[in-house]
Amino acid sequence: MSEYFALHNSHLTERSAKFLSDTERLEVQRRLSDDNGLNEDFKIKYLFDAMQDWKIWAHMILTIGLFTPLYSFAFFLPTIVKDLGYTNEIAQLMSVPPYVVACFFTITGSYFSDKVGQRGVFMLGFELVAIIGFLMLVSAGKPHIQYAGTFFAASGIKIPTIGLLNLLIRYVGIYPLVPLIGAWTSNNVGGSMKRGVGIAMQVGFGNLGGVIAGFVYLAKDAPRYIFALFSLNPFYFSY
Amino acid sequence: MGLVHNFSGLLACRVFLGAAEGGLFPGISYYITMWYRRHECGFRIALFFSAATIAGAFGGILAFGIAKMSGVGGKAGWVRIPHLLSAYFNKPSAGHISSLLEILVLVTNYANKMSSRGSSFWKDFSPWLLAVFHSW
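Sequences listed follow chains S and P, in order. In terms of the working numbering, the first sequence opens at residue 1 and continues consecutively. In terms of the working numbering, the second sequence opens at residue 1001 and continues consecutively.
Mixed in with the good hints there might be a few duds.
[Stated by the list, open to error] Covered by chain S, per the in silico footprint, the following chain P stretches (three or more residues, Cβ under 8 Å):
1) 1003-1017
2) 1037-1049
3) 1053-1065
Calculated from the structure, these hints are not laboratory results. Beta carbons: idealized from backbone N, C-alpha and C, even for Gly.
Please model the complete structure; the sequences and the hints are all you need to start from.
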């Protein structure tokens, strides 16, 4: 719905932006039409066009498979880190490094994806990293049993090195996929309005993954994520 | 959310939060595609989304501090979240208060002092009043 209002709001388009001079406006328009000279009209037909496009639906399914583990991380990271053997407040602090590393790979991954002009290959790469991370988790069983023996000599604090590494691997595998799939969908849907609706459908449906994550992880059903991840791959190859 | 006392209240707040916030990611992605060529979109969307990961990192740091404040003023730690918001919107008028950290410390201290000695009404509303007054 918010997306619908965004479509109506033309203040931020290059046509009406006040901070552009006329020359700059022309240059922006030239660049865009050079790249993607498709219809910018607002017609309700394009909404139905988007809803009937199977490729957008495929991307919606990809996105929900991706957002489910993503949300499960966001919701349960403190719990997961606690399971690794950290106490309450330190657990909160230890939730910081995975995000920092994920941030780095998110930006560099998409940067090179733009340079190379490929999205799917990069997604498959990160997907592979994520699958390795989840397989590590499943084969290791309960993390605190597996890793509690490792000590960090200098501080005397229990550092579950492998567990934390596994956490990092999973973050590196999952987070960079979000802008990649977002860019992929929006790149391939032509026409301003159809693209807007397509992005909204994709992200809106993907956010339902948050509902799945909320129920799945409570049951400590980690293999479920593997299933979700593997079920994505046929869709990648279909492109 | 700092004012609710039960699950249904929290749920109602979250529904409105979701309705207001839901369009953000698709909306920003959409705007990016209206300004940049296709091979430029990925990096821009990644920069935008990486803010979510940075927020996650800061969330961990803030949660560390909020957990430390649990029980202060007779409230659970998470009630301090509006306090932190009020600190964020505070525009310092005094020139010597320079860093964001100093502002955070000052405002949360002030909010604590106020909420621990005031009436229950003041206790409940102080974070929001502070947010309004300090962002004036």
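Verify the coverage statement for the segment 1037-1049 of chain P against chain S, using a C-beta to C-beta distance below 8 Å and requiring 3 or more qualifying residues. Coverage by chain S holds for the segment 1037-1049 of chain P (12 residues, Cβ < 8 Å).
Given that the segment 1003-1017 of chain P was listed as covered by chain S, double-check it with a C-beta distance under 8 Å for 3 or more residues. violated (count 0)
Within 8 Å of chain S (C-beta), three or more residues of the segment 1053-1065 of chain P: holds (count 9)
Going through the hint list in order, the structure does not satisfy hint 1, though it satisfies all others.
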